[in-house]
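J.: Chain residues, written in single-letter form:
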Amino acid sequence: MTNQVEINRKPKRGVSLYSYAGEYGVTMSLEDMFAEMHDMGAKGLEILANSHIEGYPNPSEEWLENWDRLIKKYDIVPVEYGHWVDSRLYQGRHLTPEESYEMLVRDFKLANRLGFTVLRTKLGVIDDDLTPVENWREFIKMALPMAEKYNVRMCPEIHAPTLLKSKMVDDYVEFIEETGTKHFGLNIDFGVFTTQTIPASEWGPNEFIMPESDHSPVEDIIPLLPYVYCCHAKFVKMSDDFQEMTIPYKKIINTLIEHKWDGYMVSEYEGPKKDVSGYAVEQVRKHHVMMKKILGE
Amino acid sequence: MLEKPCIQSRGFKNVVRDGEIVGFQVNIRSLYYRGLWLSQLRPATVTVNGETFLGEQITWTINGVTYTQAEMAEIGDVHWGLLEPATLTVAKEGGLESGSHEIEVNYTYSCSYFPPVADTVLGGAQKRTLIMV
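Protein chains in written order, with numbering that gives the first Met the number 0: chain A, 0 to 296; chain B, 0 to 132.
Think of the hints as simulated: they come from the structure by calculation, not from any bench. Check each hint, because a few of them may be wrong.
Said to hold, decoys possible - Derived pair list, reagent style PhoX-like, types lysine-lysine, alpha-carbon separation capped at 25 Å:
1) A/272 <-> B/126
2) A/285 <-> A/250
3) B/12 <-> B/126
4) B/3 <-> A/273
5) A/273 <-> B/126
6) A/259 <-> A/9
7) B/3 <-> A/236
What the hints assert, rightly or not - A short, non-exhaustive set of chain B residues, derived as facing chain A with CB atoms under 10 Å:
8) 1
9) 32
10) 33
11) 34
12) 39
13) 72
14) 73
15) 76
16) 78
17) 80
18) 82
19) 109
20) 111
21) 116
Here a beta-carbon is modelled for each residue, glycine too, at the ideal position from N, C-alpha and C.
All chains, full assembly: derive it from the sequences and hints.
T.: Right under this line is the structure:
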């Protein structure tokens, strides 16, 4: 029996509702997005607290009851709760460690109530290299006991142009090892492995194009896996024959399988035409055809 | 469901106080992918048929509570969600006439996880022609 479980340890599929940003509130409701996930057998859910919780940070009882109902109805696993420490919340100054702590704990409670165990904790940055605010160690350390109490893992997202072998990642790993905490880890965005770009002409005039940057080799994720609680399965373009055009998915997923990483990969569509109704929805479906195939599902 | 553009057609009307038309209102939705704390927003300007209004001439009503733009800069625990249109009330004696109006709303917001330079880049002008009945 134990062996059986060992053999079956592999990554699982999910969706970040960020993918449907252009549809939400205009053509799709929360329930529509859950129904879409259910169709695809993508159980793992990432929400963005500030986007998908009506009445955030104080949702009504009625909203919470509806949440519980929808999670059950569509067989959804709440995986990752995206939230922010908005360090530049007030113009002209940074948040104090105490203010940042309060912001974190408010989200721990809400994430716990909604059933999430991993947090995509976005920290404020101070420069073009995305270096986090200088006092991050202080307020994260303050928050660890509450993270334990509310059973959540804070995970900064490692996102291009950051490399997996970099001072930023080293600093996070050092913090985890020094504190020995199980409540702070990493979210790896697959965009760090980008090897190709799509032609600029495929992007619309008002769309943000991620500037080209160095990328990490896929194997650089291996030593980090013990600290990785969730991955953003970033993608930019799925072809009609179900290939992702910019990121080496086969190699990434096979590496995760080989190393028995069994967390969720949540699809995060960040390609063109998000504002064209139905386009991102179709892209996510194609993405899951590809992931299913590589996973051997 | 909301209308797709930032500037909503529903809710465009004059504001009457004590029997006098003292201004007009227009609803907007946030096109950003996440909701915003009020203090992240930088003061908006509203331009109607070429006439620009700013600062204390504009208030924001979110979830039934009305704020001046100066107040908003200090409010970091009230959130403007994506499904809640904000009502901009613009002080303009006599309001607007029945008919078509070119509306432009312009505001930016801070985003702490982007380099600080982005704080004055995100957001920008939104335009739409609305019909007041």
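J.: Does each hint fit the structure? Answer for all of them.
T.: Structure-based check of each hint:
A C-alpha spacing of about 20 Å is found between residue 272 of chain A and residue 126 of chain B, which places the hinted pair at or below 25 Å, so the restraint holds. With a C-alpha separation of about 18 Å, the suggested pairing of residue 285 of chain A with residue 250 of chain A holds against the 25 Å cut-off. Restraint check for residue 12 of chain B and residue 126 of chain B: the C-alpha separation of about 17 Å stays at or below 25 Å, so the hint holds. Of the pairs offered as hints, the one joining residue 3 of chain B and residue 273 of chain A holds, with about 13 Å between alpha carbons and a cut-off of 25 Å not exceeded.
Annotation: proposed proximity of residue 273 of chain A to residue 126 of chain B holds, straight-line Cα distance about 20 Å (limit 25 Å). Between residue 259 of chain A and residue 9 of chain A, the direct Cα distance comes to roughly 5 Å. Compliance with the 25 Å bound is thereby established for this hinted pair. Restraint check: the Cα-Cα separation between residue 3 of chain B and residue 236 of chain A comes to about 24 Å, which is no more than 25 Å; the hinted pair holds. Because the beta carbon of residue 1 of chain B sits about 5 Å from the nearest beta carbon in chain A, less than 10 Å, this interface hint is met.
For the restraint placing residue 32 of chain B at the interface with chain A, the shortest Cβ-Cβ distance is roughly 4 Å, inside the 10 Å limit, so the hint holds. Evaluation of the residue 33 of chain B hint against chain A yields a held restraint, the C-beta minimum of about 4 Å falling below 10 Å. This hint holds: residue 34 of chain B has a C-beta 4 Å from the nearest C-beta of chain A, less than the 10 Å allowed. At a threshold of 10 Å, the smallest CB-CB gap from residue 39 of chain B to chain A is about 7 Å, leaving the interface hint in force.
For the restraint placing residue 72 of chain B at the interface with chain A, the shortest Cβ-Cβ distance is roughly 6 Å, inside the 10 Å limit, so the hint holds. Against a cut-off of 10 Å between C-beta atoms, the interface hint on residue 73 of chain B holds, since the closest Cβ of chain A lies about 7 Å away. Annotation: interface hint on residue 76 of chain B holds; nearest CB of chain A at approximately 8 Å, less than 10 Å. The beta carbon of residue 78 of chain B is positioned within 10 Å of a beta carbon in chain A (closest approach about 5 Å), and the interface hint is therefore held.
Hint on residue 80 of chain B holds. Least Cβ distance to chain A is approximately 6 Å, under the 10 Å limit. Proximity of residue 82 of chain B to chain A holds as hinted, the smallest CB-CB distance being about 5 Å (cut-off 10 Å). Because the smallest distance between the Cβ of residue 109 of chain B and any Cβ of chain A comes to about 5 Å, under 10 Å, the interface hint for this residue holds. At its closest, the beta carbon of residue 111 of chain B sits 3 Å from a beta carbon of chain A; the interface hint therefore holds under the 10 Å criterion.
Because the beta carbon of residue 116 of chain B sits about 8 Å from the nearest beta carbon in chain A, less than 10 Å, this interface hint is met.
This entry satisfies every hint, going by the numbered hints stated previously.
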